[in-house]
Amino acid sequence: MNDSRWTDAWRLTRRRLLDAGAMSAGGAALAMLLSEDARGGEAAGAPSTTAAFRTPRPARTKRVVFLCQSGAPSQLDLFDHKPDLSARHGEELPRSVLQGERLTTMTSEQTSKPIVASPYSFARHGRCGAELSELLPYTAGVADELCIVRSMFTEAINHDPAINLLQTGSQQPGRPSLGAWLSYGLGRESHDLPTFVVMISGGEPGDQPLNGRLWGPGFLPTHHQGVRFRSGAEPVLYLGNPPGVDAAARRRMLDTQSALDRLHERATGDVEIESRIAQFELAARMQRAVPELADLSRETNETFALYGDDARKPGSFAANCLLARRMLERGVRFVQLYHRGWDHHHNLPTKLPPKCRQTDQASAALVADLKRRGLLDDTLVVWGGEFGRTAYCQGMLTADDFGRDHHPRCFSIWLAGGGVRAGVTVGKTDEYSYRIVEDPVHVHDLQATLLALLGIDHERLTFRSQGRDFRLTDIGGVVVQKMLA
Amino acid sequence: MAGNARRIFGAGGLVATLLSVWSFATAQERTADEHWAYRPIVRPRIPAVRQVDWPATAVDRFVLARLEAAGLSPAPEAARPLLARRLALALTGLPPTVEDVDEFATDEGPDAVERWVDRWLASPAYGERMATPWLDLARYADTHGYHADTHREMWRWRDWVIDAFNRGLPFDQFSIEQLAGDLLPAATLDQRIATGFQRNHMIIFENGVIGEEYRLEYVADRTNTFATVWLAQTFQCARCHDHKHDPFTRRDYYRLFAYFNNVPEEGLDGQFGNAAPFISAPTRLQQASLDQMAGELARLDRQIVDRLGETDAAQSRWEDAGRRQLPTLVRPPEDMVLHLKLDESEGRTARNSAALSTMKGREATIRELSIHGEPAWLETKEGRALLFDGSTWIDAGELGPLDRDSPVSLALLVFPTTTGSLPLAGRTSDDAERRGWELSLVDGRVQFRLTRSSGDDELLVRSERALAVRRWQRVLLVYDGTSRAAGVSLYVDGKREGMQVERDRLSQSIRTTGPTRLGRNVAGEGFRGMLRDVRAWTRALTGPEIAVLGGRDPVAELLAVPARQRTPEQSRQLRRWYLESQDATFRATLARRDDVERSLDSLRKSLPTTMVMQELAKPRATYVLERGDYRLPREQVFAGAPAIWRQASRESSGETSADSPAGRAANRLDLARWLFAPDQPLAARVAANRLWQIDFGVGLARTSDDFGVHGEPPVQPELLDWLADHLRRDLAWDMKRFHRLLVTSATFRQANALSARSGEADPENRLWSRGPRPRLTAEMLRDSALAASGLLVRRIGGPSVLPPQPPGLWEEVAYDVLSFTAQKFQPSTGGDVYRRGVYTFWKRAVPHPALATFDVPDRETCVVTRATSSSPLQALVLMNEPGYVAAAVELARAAAARHVRVDERIAWMFRAILARAPTREELALLNERFAAESREFAARPEAARALLSGGAAGAVSRNEDAPSLASLALIASLVQQLDEARVP
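Going line by line, the protein sequences match chains L and C.
Here the first sequence stands for residues 498 to 982, where the numbers follow the working numbering.
Here the second sequence stands for residues 475 to 1458, where the numbers follow the working numbering.
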């Protein structure tokens, strides 16, 4: 380190800045940014400055993996058993149920809204007796680890606003994503890997699109955004050196570069240069750490058997689940998976079962794998989509075909691990799985609960932008005690 | 204090409620005099200073007075090379060339800085540099943002901005044209293009969305953006409730909202490019071609008309001969977009034998269309045909973007076997609206509909007579694109049929997605009977063409009419047939005319369009919305300025009041003029502060997007007020002269290194005790690397370009790669790979990673100040992104071409990037690195060649010394990665 007097002077003023900053609005964030910069990613764990965001209760979980099922899986065919509907299959859904509330324009004018009973059988599983569809045999196998929430609800009736709400707390764009908030609130844990990683699987033509804003930083500093991790030779963009440049050459280059940068630091007195030098060092470490992380060849056959054959296919949901476990082991705080293609307006009987086959085994395997490695205690797994699907049929109901429209008023998700109550089913819906009759959980409530499990008070985790202190949970959110262990 | 309040608010509970009630009550009672930003601007006196030889401008006197009061003195002037780089980057976003730096460094004239500043201000790069922060404010992008994030075309607006900066359009006019250019008297095309500022918001077309919910989002976006850009007020906070701390009520919000709520737009739009309203916006060059071609067409048409008006004896002889021996002069029109003969007699596909229309003319290509269901082919007396059993249908794909304003003709031979409701052809949405078009039989009667919304916004006509069952009939439908029932005509076996009008109130686009279906509708009903010889044209057929298709001979019919009994129209028609068949010169003129028309047509189709603002003829009512919810309208409000300023303007002349123009509703033009009225202090303060931010990196008031009570007040309010007043009064809003004032100031020219004294007393440089030290933006960083290496292509304007990026980034999040635009990434080639960053295609869902990694905003909403962050991903881009690698290789080549000695080459590259020469110590380190890398590459020449292959040329030329050049490229890359390259 250089010891020039300019640098000392700057350090001194920085400390004063920090003191002053702590007194003003957004001061905690400012202080954290400065310390993050100064540490250049060196320090591990939550810095003391994030104390401003903390709950009185200690954190129950350290990291999160969110298995987002984009397109919205049908709760009626997977989690929310309505045996009485069989007798009424094909009958009109009573108008009294609809209560004149808004529907999407895809079915709002559809005159006939026949009830569709799920063609799939349900059974009770585990000691807890959770009821699950035959389409989820592996999930059923870890039923005792799950906290199934049947009473999720949202206001959005279409994909774009609904997945925005789920991932950023707002139907309209412009807000930081869940992972970006966590990065901002918790800081970095890994020395060599990003804090927030995103992986995408699925994606046939016509599957609901995704958008970078779902893992974007919004108005938070850009380094909080999710880093897309992709299958293939270069999991992180521009990770590989140019042709002809090997790791040794890169090392030599960086040594000369930092020597020159330090000369410049001495000349200008700008101590932030030190933090930017550190970013290059971090990049070089990522160049080593990421290929090691992405290399599944050391995983045992037994592990592949656990996650299923798909796990050998790069870019599949199963392979991403396995990668997620490796990331969580290595200190990535938030792994966001997206699996696309759950939007079953038509042909649900032919489209839903393959989707379940793509996800069921690997999702359950991830829970089991984390458990046997002792990681499940402080890792939270979340599985779910942006809303539910209707009890009535969209389009024509035939002997072997039906579809379901978007349904915001109730849907099901599950959570496991990290401080979540295992082996429970929270919430109850009416006989049509149309309305919640017990324990409604708004998307903001889920977000508040996730933050609480991480030891963050969702009302204190704020960032000022354009004159307003914003929160992930906007002006809502209540921690759901029934979901906590 | 604010921090405590925040915590108490955050903690919830009774205290927060009480506090918010208190804050609510007082915020709206504040008057314009209580808060610094709302007070009228009174020009401050330029202060006296002790160090009289330092100030170069009035700005410096304010700065120095404050420094002296704090016991500080200014920093010395920056060294010329560093100053050259600072000035060139501030004014053009590009680094100065080595030659420029040399010249500037040795220019000893007393006004050297001023002269060089003028040079950079006159460079077209100035407009490109100034456009970037404006595009951030305007949330400019090349895609719609929501959901599938498809392509939109707004580069004409972007180029308008660049051009406006370059031609020095004053800020008031610049603003007025963007806010209300369409409402200016005799608005020019450019002024209408300018209004695209307000159409850059995101737009959705996701199926199922309730349009009104999103339309109101667009209006809110315009309102919020207006308030942020011109007033620096957080107006959006008053959308759901009265503003918590600034003096704006919810009513004020919706009064402002009303100005922007009067656009003929749809909530759901943008699926096929631009969303209405948009206009064709030819460039000047294109307009010149259009004029030239239109002139040529008119000349040829005159020739043809003249020729048609003549008479001659030869024609009489021809007519006499024609009566005995009929020539086949009129042929069935060949320019079909669909032609299914349905004479295959076997198989599951039908051949579409219509020739494809291309730029070069028409190309005969046969495309196979799949037949769904179980096709049965029959031999009939009329020829082969396809039997439809109710489940058979043909997917005819895309016939073209048919809409209510596109004429179309459909012909088919029909043999119905029942009298039920039978779909023939159509393309409609799969929902209750049944949006689209459809031709069908209803109880045997031929029905045609163009539908926006079934039963409501729709054109629906039905023939008076029913078709016969079990008989072949030739049905021909012609629609002229007028959206009126009168524009539909039907012919059965060549005879015009009477039509019954069921509905005639189509007013909006009928575009939809999905296939064009033959023989089945989306409800699953199928045609029963036989079809053959199905044809479609995307134009209305003419009378003679209709006759021929109906099996008649129009020439014979006309010749049969005695000459004296012919109408003038008939005479002209006959003469035309005569000339076409007998006169080669006439035929050549016709052919030439068709050529010109085709070129004109294809140019017209290729013209860029751009979204603009327009006013509805009948104003839309605006209501206060409870909680901002579109379903909860409350009291009606009318456009007007917020109450706090309404009072102020009523006291003044009244002429510029935004809300009370005599005898009519207030509009955007009133608002724009109110903004620049002498008694409105915010526009000038906000603009002066933001222009300062562009040059200095941070505003005098740091929260340049929030001049409300929660914003940070300016550290030097007198300086801001003096600048604001100077900008509007002395400079008449001239932005170039304003920048000139700022960057020629001694304040701007100070060295920016931290001294112990200024670091201690002015840690954040809020007093400007040293020079500015802004980071290069993402665009500047890339542009600089390309410019230094000579790769940068300096073409100004045009459609956005797509520099290569790793494959799959778009496709992995795409909706449907085949059906929608901007889903599949197709990189630009040639010079477009190396254009300035301002031209990079901005896909909102996936911005280009080489830019996105360096803190570019998401362009979803208005952003005034970009974030600055440091991350390892940025390091990876600088080290490995192919654009940066190519720049390094080409910089090395340029150095090798200029200098022979290695240290000279290295020093030249260093100066090309950083402007200054390396110190001896720096040069020694780089020389040492070069020597070591040369040895490495000499041992592995294939590695050297591999690195060099990343250059623009690709392969290495034979006479290049690969190991030496590759080592030099590594040094170039290293210098490009230095901190100083990013923070000058």
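Do not rely on the hints blindly, as some may be mistaken.
Just the calculated beta-carbon pair ranges, DEER-fashion [said to hold, decoys possible]:
hint : chain 1 : residue 1 : chain 2 : residue 2 : range
1    : C       : Val943    : L       : Pro634    : 54 to 64 Å
2    : L       : Thr608    : C       : Gly894    : 14 to 24 Å
3    : C       : Ala997    : L       : Pro811    : 41 to 51 Å
Don't read these hints as lab results, they were simulated from the structure.
Cβ atoms here follow ideal geometry from the backbone N, Cα and C, with glycine treated the same way.
Broken hints, numbered, in rising order?
-> none
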